[in-house]
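Number of protein chains: 2
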Amino acid sequence: MAKEIHETIGHHYIVEASGCDPKIIGNIEKVQQILVKAADIAGAQVWSISFNRFPPQGVSGVVVISESHISTHTWPEFGYVALDIYTCGKSVDPEKAVVFAVEAFGSSTSHITEITRGLDEGDMIYYHSFITWEERFKNGGQKKD
Amino acid sequence: MAKEIHETIGHHYIVEASGCDPKIIGNIEKVQQILVKAADIAGAQVWSISFNRFPPQGVSGVVVISESHISTHTWPEFGYVALDIYTCGKSVDPEKAVVFAVEAFGSSTSHITEITRGLDEGDMIYYHSFITWEERFKNGGQKKD
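Heads up: the sequence lines are chains L and X, in that order.
Mapping of the first sequence onto this note's numbering: position 31 corresponds to residue 31, and the numbering continues sequentially without gaps.
Mapping of the second sequence onto this note's numbering: position 111 corresponds to residue 111, and the numbering continues sequentially without gaps.
Rather than coming from a laboratory, the hints here were simulated on the basis of the structure.
You may find that some hints are simply not true.
Mimicking DMTMM-like on lysine to aspartate or glutamate, the simulated pairs with C-alpha atoms at most 25 Å apart in a straight line are [claimed, not checked]:
1) L:Lys23 <-> X:Glu7
2) L:Lys23 <-> X:Asp123
3) X:Lys23 <-> L:Asp123
4) L:Lys23 <-> X:Glu121
5) X:Lys23 <-> L:Glu121
6) L:Lys30 <-> X:Glu7
7) X:Lys30 <-> X:Asp93
8) L:Lys23 <-> X:Asp120
9) L:Lys90 <-> X:Glu77
10) X:Lys30 <-> L:Glu7
11) X:Lys90 <-> L:Glu77
12) X:Lys23 <-> L:Glu7
Computed from a prediction, not measured in an experiment: that's the story for all the values here.
Given the sequences, and given the hints that come with them, work out the whole structure.
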C-alpha cells in the first residue's frame with residue numbers, strides 16, 4: 001500500500017469584507033449556512049462546526065475542514081466581516097468559496113490577501129508568501145429599506 | 001448605560017513553525033492543552049474548542065475566543081505546524097501566546113506574519129496591513145532520542 005502523503009502547501013485567504021448586509025451577517029443561522037455551503041463549494045469535507053453570538057450583534061464561527069478551516073467574525077453595526085478560508089490539497093478550490101461567501105454576505109468591496117503556506121525548499125524550513133488585491137461586487141452593498 | 005463599542009481592529013499572527021517535536025505536535029491532547037493555555041496567556045476568554053486527528057499523524061484544532069480564534073494544523077512527519085492566533089480588543093496580548101505556543105511545540109525556527117485587520121479611514125471600507133519576520137528559538141528544535 002502506498003504511503004499516504006499529506007501535502008503541507010495550503011492556500012489561506014484573509015478577507016476584510018465591507019458594506020455587508022447587517023441582516024445577514026448578524027444572523028447566526030444565515031452565517032453558519034453560508035460558511036457550510038462555502039466549504040461544500042470549495043470541495044472540502046466538514047469535520048466540525050462551532051458558532052457563537054457575541055455582543056452587541058456579532059457572530060463568530062469556525063468550520064473545521066480536512067487539515068484546514070473556514071472562520072468568520074462579523075460586526076453587523078459596521079457592515080464588516082473578517083473571513084478566513086484556509087485549505088490544503090489539490091482537490092479543493094478555496095477561491096470559489098471566498099467569492100461565494102463574500103457575495104452571500106452582500107459585501108460591496110473586499111480587501112483580500114492570499115497566503116500560500118507550508119512552502120519549503122526541501123529543507124523542512126517552512127515559510128509563506130502572499131499577494132493582496134481589492135474586489136468589488138456589482139450586486140453587493142449594504143441593503144437599505 | 002453606555003453603548004458597548006466593539007473595536008474592529010484585530011491582530012492576526014500567521015505562523016509557519018518548523019523543526020517541531022513530532023511527539024508533541026502529533027498528540028491531540030498535548031496540542032489542545034497548548035492552544036488552550038495560549039488563549040489563557042493572551043488573556044482571552046475561551047468560547048468553544050474543536051480538535052480532530054487527521055491521517056496519517058496530524059492534528060487540526062480550533063479554539064474560538066471572543067470575536068476571534070486560535071487555530072492549528074500539524075504535520076508531525078515534517079515537524080511542521082501552521083498556527084493562527086487572531087485576537088481583537090486591547091485587553092489581550094496575542095504575541096505572548098504565539099511565543100508560548102511555538103516554544104511549546106519545540107519549534108527551532110518560525111516564519112511569522114502579523115496582520116493588522118479591520119483597519120479603516122472612518123469610511124467603513126476595511127483593509128489590513130502586515131509585517132513579516134523570522135524567529136529562532138534557543139531551546140527549540142526537533143528532539144532526538
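* Asked: Taking only the CA atoms, is the gap from Lys23 of chain L to Glu121 of chain X under or equal to 25 Å?
  -> holds, 24 Å
* Compare the distance between the alpha carbons of Lys23 of chain L and Glu7 of chain X with 25 Å, and conclude whether the hinted pair is satisfied. => Holds - the C-alpha atoms of Glu7 of chain X and Lys23 of chain L are around 20 Å apart, at most 25 Å.
* Asked: Can the restraint linking Lys30 of chain X and Glu7 of chain L be considered satisfied, given a maximum Cα separation of 25 Å?
  -> Holds, at roughly 23 Å.
* To do: For the pair we were handed, Lys23 of chain L and Asp120 of chain X, check the Cα-Cα distance against 25 Å.
  => holds, 22 Å
* Are the Cα atoms of Lys30 of chain X and Asp93 of chain X separated by 25 Å or less? -> Holds, because 22 Å separates the two Cα atoms, which is no more than 25 Å.
* **Given pair status - Glu7 of chain X, Lys30 of chain L, alpha carbons within 25 Å** => Given that 25 Å is the threshold and the Cα spacing comes to 23 Å, the pair holds.
* Proposed proximity, Glu77 of chain X with Lys90 of chain L (alpha carbon, max 25 Å) -> holds, 19 Å
* **Given pair status - Glu7 of chain L, Lys23 of chain X, alpha carbons within 25 Å** => Holds: Lys23 of chain X and Glu7 of chain L sit about 20 Å apart, inside 25 Å.
* Are the Cα atoms of Lys23 of chain X and Glu121 of chain L separated by 25 Å or less? -> holds, 24 Å
* Hey, Lys23 of chain X versus Asp123 of chain L, does the alpha-carbon distance stay inside 25 Å? -> holds, 20 Å
* Is the straight-line distance between the alpha-carbon of Lys90 of chain X and that of Glu77 of chain L 25 Å or less? -> Measuring from Cα to Cα gives roughly 19 Å; hence the hint holds.
* Are Lys23 of chain L and Asp123 of chain X close enough, with their CA atoms no more than 25 Å apart? -> Holds. Lys23 of chain L to Asp123 of chain X sits at ~20 Å (cutoff 25 Å).
Of the numbered hints listed earlier, not one is contradicted by the structure.
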